[in-house]
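Participant: So you can see what is in the structure, the chains are spelled out below.
2 protein chains.
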Amino acid sequence: MSTLLLSCADLRQIVRRAGVDEIMDRLIERLADALMSYDPERTEIPMRAGFHYEKPFAGLIEWMPLLEKQRSMLMKVVGYHPESPGNQRLPTILSNLGKYDPSNGRLVALVDGTFLTAMRTGAASAVASRILAHPDSSRVGLIGCGAQSVTQLHALTRVFGVREVQIHDIDPAAEASFPARVRSFLDPAVAIHAMAPAEMVSDVDILCVATSVAIGAGPVFEFGQTRPWLHVNAVGSDFPGKIEVPKSLLLAAYVCPDALDQARREGECQQLLLDQIGHDLVAITQRSADFVGKRTGLTVFDSTGWALEDQVAMDLLLEYARKFGIGSQVQIEQISNDPRDPYEFLCPDDAQRADKQMRPAGDAA
Amino acid sequence: MSTLLLSCADLRQIVRRAGVDEIMDRLIERLADALMSYDPERTEIPMRAGFHYEKPFAGLIEWMPLLEKQRSMLMKVVGYHPESPGNQRLPTILSNLGKYDPSNGRLVALVDGTFLTAMRTGAASAVASRILAHPDSSRVGLIGCGAQSVTQLHALTRVFGVREVQIHDIDPAAEASFPARVRSFLDPAVAIHAMAPAEMVSDVDILCVATSVAIGAGPVFEFGQTRPWLHVNAVGSDFPGKIEVPKSLLLAAYVCPDALDQARREGECQQLLLDQIGHDLVAITQRSADFVGKRTGLTVFDSTGWALEDQVAMDLLLEYARKFGIGSQVQIEQISNDPRDPYEFLCPDDAQRADKQMRPAGDAA
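Protein chains in written order, with our numbering: chain E, 1314 to 1678; chain B, 1314 to 1678.
Any given hint could be a false lead.
Note: identical chains are not told apart, hence a pair may lie in one copy or across any two.
[Stated by the list, open to error] No more than 20 Å apart at the CA atoms, straight line, and that leaves these computed lysine to aspartate or glutamate pairs for EDC-like:
#	residue 1	residue 2
1	Lys1607	Asp1449
2	Lys1607	Glu1357
3	Lys1560	Glu1357
4	Lys1368	Glu1342
5	Lys1368	Glu1357
6	Lys1382	Asp1346
7	Lys1636	Glu1342
8	Lys1368	Asp1352
9	Lys1382	Asp1500
10	Lys1560	Glu1342
11	Lys1382	Asp1352
12	Lys1607	Asp1500
13	Lys1607	Asp1651
14	Lys1636	Asp1338
15	Lys1382	Glu1367
16	Lys1368	Glu1354
17	Lys1382	Glu1396
18	Lys1607	Asp1588
19	Lys1368	Glu1381
20	Lys1382	Asp1334
21	Lys1382	Glu1357
22	Lys1368	Asp1334
In short, the hints are calculated from the structure, not lab data.
Produce the entire structure from the sequences given, and follow the hints as far as they go.
Facilitator: Here it is as C-alpha cells:
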C-alpha cells in the first residue's frame, strides 16, 4: 500500500518527455470532454472554503474537495499569497493535490499543484474562449504578466491563430521578462507589445486578466471602445471583494461563470445580480451550438477555478507518470498485519517489515 | 523548499527510540497544556466536513482544517471505512496530516495519521478521565476491541492505577487477539477478562466505547446498575446517526463534549438538548477544580475527535523527528528562479536544477 508521489521534478520530466504543447492540447480536450459528460449526481464538488488572513502577509489557504462517486476523491489545498514573489521568491499560488480511494480512504497519489493549477487555468480559458470568442481571434491582450498569464497565452495559442500579443503589468519587470517566459511555446513571428489597458481593450479579440489586485482596489482597467467583439477571460478574481473587470463591461457582456455559486461569492459575478449572469461552463459546453451567436459580441468567462479542472489535469498527469514510469512510490500510510493493532510494530517479529520506505515507481506492489 | 515526510516507517522508528510510554505521557501533558491555553481568537477550528457514501463500501472521507494564526495551518484528511479490516485488511481509519506555513502556503510537513489518530484519541480520553473519573479508578471496561481500544487502554494506564480490564467485542477474534495487542505496554499482572456489557457497566470505574456500530443500530449496551461512579469515554460516535451510549445514561450523567457543535451533529450529544450538555473539554480543563465533584457520579466524555488534538500530536512527532533526524525531505512543490514562470524548467539552462528529489532529513536546506 503505497502512494505515488509526483513532485515538481517529476512533472518537469513528464513535460520534457511529452512536450508542453501535447500536454496542453490533451488537457484542453479532456477538460472539454469532462464538462460535456459532467453529472452533478456522479461528481460532488462542494464550494471551496478556507482561511483568510492579513498577517504575517495577506493571503489565504483554501481546500477544494471533489468526489467522483465510487471512483476517486480529490483534495486540493491551495495557498494564495500575492506578496510571495516579491518578498520570498515563491510563487503566488502554491498547492498540492491528493487523490484518495473512496473504497478505503487511502491516499493513492500526491501531486504538486503549482504547475498543474497554471496549466488547468489556461485550459479552462481555452475551452471557454473556443465557445465564446470570435473564431478568427488573432490578437490577445494580457493584463497582469505573472505565472497565470503564461499558461493563458499558451492555451489560447493552441486553439486560435494568435498573431499579436499585447501585455500590461504595473510591475515593469514582469512586462520585461514576459517574452522570455513564453519563448518555449510561442512562434517567434508573433509580436509582443506593451500597451496601456485602455488601448488594449480597443485593440484585442481576447483579453485575459490575471492580476494580484488587492481587495477593493479593482477594476484594473476601464470599459471603453472595443471592437464589435471582445471575449474576456477574467482569471484573477477569486476572493470576496477582489474584482478585475469593470461592472459596466460585465453588464454589457454575456457572462459565463465556471461555477455559479463560487463565482457569485468570489468571482466577477460578485458585481452582478443572478439574472445578469449567463449559463455556466458546463452548460455552454454541453449546448455550445446555442451560444455561437455570442461570439460576435461581448463575452466574459468568470474563471474562479473549479475542482473538476484539477481532477482532469491530475488524472492526465498520472497517466503520463504511469506511461513513462516517472514518480516515486512512497510508503506514507500505516501498513499492518493486524489492522486492529496500532502498536503492532513494537513487537520484535515485526522488524523485517520496517523496511525500505522509497521504491522506484516501476517496483510498485 | 522541501517537505518533511514522516511515513509509517518513520513513526515506527520514532516510537521505538522514544518509547511508546514516553510518547503517550508527553502527548497527554501537551494536550492538557494546549487545552489550558486554547484561545479561539488565536486558533480557528472550523467544523469538519466530508463526503459520506454507501458504495462501494459504507464510508466517509472528511477534512479537518485548523489555523493557528501566523504560526501554522493544519489539514487532516481522514477516511473511515468500517468494513476495511474485514474485506481489505486495512485499518478502519486511514489519514494523513499536512502542515502548512501561513506566510506563503507551502507544505512544511506531511505525516501519516493512522497511528497519530489512535494515539491522540487515547490521550484525549486520558485528559478527560483525569478530570471526570474517580481518581482511584482501577477497573477499565472496553466495549469494542479494535485499534482505538488499544490506545484508550494505554492512555488510561498512564494516568490511573489500572488493575483489571474487562473487554467485549461482537467479533470473538477481536476479543481473542486483544491481550497480545496490549502486551507491549500493559503490566502482565493486570487481568484481562471478556465480560458481557451489562455486567461490565456494573463492574468498572471507567468504560471506553469504541465500536463500528452501524448508523441507527446503537446503543451498544444498556444502562443498568453501576457503581456510585462511572466515567464513560464515548469514542466511536462520530457520525450523524451513529451513537453508542444509551440516552438514559447520558441524561443521568454529566456530559462533556470535546467540541460542542461537532458533538451535537456527530457525537452522543445528538441525543441531547443543548441544556442537557455540560461544558466542553476546553472549559473543564481550564477550570478543572470546579468539576472535582463530578468524579463521584456519572460522567461521559463525548469524544468526536478534534483538530486541536491532531495539531498537538503532529507537533510532538515532528519534534521527535527533528531530535532523532528521522524522516525524508521531499521536494514536492515547484521551485523556480522566477516565480512568474511556470515553464521555466523547459529552458535548457535549467537542467542542473532538475536534480535529486530525495535527500536524507539531516541534509535539509
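Participant: Check Lys1560 against Glu1357 for me: Cα-Cα at most 20 Å, and say if that holds within a copy, between copies, both or neither.
Facilitator: neither (31 Å within a copy, 34 Å between copies)
Participant: Reference check for the pair Lys1560 and Glu1342, CA-CA at most 20 Å: within, between, both, or neither?
Facilitator: Answer is neither; intra-copy 32 Å and inter-copy 56 Å both fail.
Participant: With identical chains treated as interchangeable, where does the CA-CA distance between Lys1382 and Asp1352 reach 20 Å or less: within a copy, between copies, both, or neither?
Facilitator: Cα proximity of Lys1382 and Asp1352: one copy only (11 Å, versus 38 Å across).
Participant: Using 20 Å as the alpha carbon limit, work out where Lys1368 and Glu1381 are close: within a copy, between copies, both or neither.
Facilitator: between (36 Å within a copy, 12 Å between copies)
Participant: If the cut is 20 Å between Cα atoms, do Lys1368 and Asp1334 qualify within a copy, between copies, both or neither?
Facilitator: Neither. Shortest intra-copy (39 Å) and inter-copy (39 Å) distances fail the 20 Å Cα cut-off.
Participant: Can you give me the call for Lys1368 and Asp1352, within, between, both or neither, at a CA distance of at most 20 Å?
Facilitator: between (40 Å within a copy, 17 Å between copies)
Participant: One pair to classify: Lys1636 and Glu1342, alpha carbons no more than 20 Å apart. Within, between, both, or neither?
Facilitator: within (19 Å within a copy, 49 Å between copies)
Participant: At most 20 Å between CA atoms: does that hold for Lys1607 and Asp1588 within a copy, between copies, both, or neither?
Facilitator: within (17 Å within a copy, 59 Å between copies)
Participant: Within a copy, between copies, both or neither: which one fits Lys1382 and Glu1396 at a CA-CA cutoff of 20 Å?
Facilitator: For Lys1382 and Glu1396, the Cα distance is within 20 Å only across copies (18 Å; inside one copy 38 Å).
Participant: One pair to classify: Lys1368 and Glu1342, alpha carbons no more than 20 Å apart. Within, between, both, or neither?
Facilitator: neither (40 Å within a copy, 30 Å between copies)
Participant: Could you figure out if Lys1382 and Asp1334 sit no more than 20 Å apart (CA to CA) within one copy, between two copies, both or neither?
Facilitator: Answer is neither; intra-copy 31 Å and inter-copy 41 Å both fail.
Participant: When Cα atoms must be at most 20 Å apart, do Lys1382 and Glu1357 count as within-copy, between-copy, both, or neither?
Facilitator: Within one copy only: 8 Å inside, 30 Å across.
Hint compliance for this structure: hints 2, 3, 4, 9, 10, 12, 13, 20 and 22 are broken, all remaining hints hold.
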